[in-house]
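K.L.:
Protein chains in written order, with this note's numbering: chain F, 1 to 110; chain L, 1001 to 1116.
Hint data in this document are derived by calculation from the structure and do not stem from the laboratory.
Check before you lean on any hint, since a few could be wrong.
[What the hints assert, rightly or not] 20 Å max Cα-Cα, derived PhoX-like pairs, lysine-lysine: (1) L:Lys-1041 / L:Lys-1064; (2) L:Lys-1020 / L:Lys-1064; (3) F:Lys-102 / F:Lys-70; (4) F:Lys-67 / F:Lys-56; (5) F:Lys-36 / L:Lys-1041; (6) L:Lys-1020 / F:Lys-102.
Small disclaimer: the values here were computed from a predicted structure and weren't measured.
So you can see what is in the structure, the chains are spelled out below.
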Amino acid sequence: GEDVEQSLFLSVREGDSSVINCTYTDSSSTYLYWYKQEPGAGLQLLTYIFSNMDMKQDQRLTVLLNKKDKHLSLRIADTQTGDSAIYFCAEKGGYSTLTFGKGTMLLVSP
Amino acid sequence: GAVVSQHPSWVICKSGTSVKIECRSLDFQATTMFWYRQFPKQSLMLMATSNEGSKATYEQGVEKDKFLINHASLTLSTLTVTSAHPEDSSFYICSARTGIEQETQYFGPGTRLLVL
């Protein structure tokens, strides 16, 4: 089946930029997503990018997509302690279902 | 907008009992709802996809007689875990999608189930 891989953990200092990376295998992906999950909560959609785009910026968030390498990244500028959470990368493939990565835990220290 | 709620937020039950979890789209009509299961420190695994008024489509390995899904209206889907056992303990999350905004799924806050 299709696979989505993410690094498991990232630690940054408050005010720094965070970059969370994701790779996927589905060449028919139409949309790619970033979700945020805080402890004990559901998933919050942060942003998504259509597969024919290279970049999307939304306030502090920048998504970069390298379709050739099947690589997606999420950059969070001026990271705050409130950004500490688990970030899931997901791709929407041919059957319109989402395949999620295992999540990257972002820890922001003061 | 695009708020999805789940009820209950957590439930503890005895082994052998059945538990019903509700998923509601509060401010939009959800033609499609999805049920996921998440184990600790794991990703979300899709269990089934349900379209309003029709039978749910289950993912491989998910027992449809054990996890009963009903999507009787455009704002409500239910997941019933029948004859629950401790291995069914998990975090169950639903999501909903409108018929128009096909690219986006909105997730509920999740229901934590503990079977003793």
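K.L.:
Is it true that the CA of Lys-36 (chain F) sits at most 20 Å from the CA of Lys-1041 (chain L)?
P.N.:
14 Å, holds
K.L.:
Holds or violated: Lys-102 (chain F) and Lys-70 (chain F), Cα atoms, limit 20 Å.
P.N.:
Holds: Lys-102 (chain F) and Lys-70 (chain F) sit about 17 Å apart, inside 20 Å.
K.L.:
Assess, step by step, whether the Cα of Lys-1020 (chain L) is no farther than 20 Å from the Cα of Lys-1064 (chain L), and give holds or violated.
P.N.:
Since the Cα atoms of Lys-1020 (chain L) and Lys-1064 (chain L) sit roughly 14 Å apart, the hinted pair holds (cutoff 20 Å).
K.L.:
When you check the alpha-carbon spacing of Lys-1020 (chain L) and Lys-102 (chain F), does it fall within 20 Å?
P.N.:
Violated, because 27 Å separates the two Cα atoms, which is more than 20 Å.
K.L.:
If you draw a straight line from the CA of Lys-67 (chain F) to the CA of Lys-56 (chain F), is it 20 Å or shorter?
P.N.:
14 Å, holds
K.L.:
Is the hinted pair Lys-1041 (chain L) and Lys-1064 (chain L) satisfied, with a Cα-Cα distance of at most 20 Å?
P.N.:
25 Å, violated
Checked against the numbered hints given earlier, the structure breaks hints 1, 6 and satisfies all the rest.
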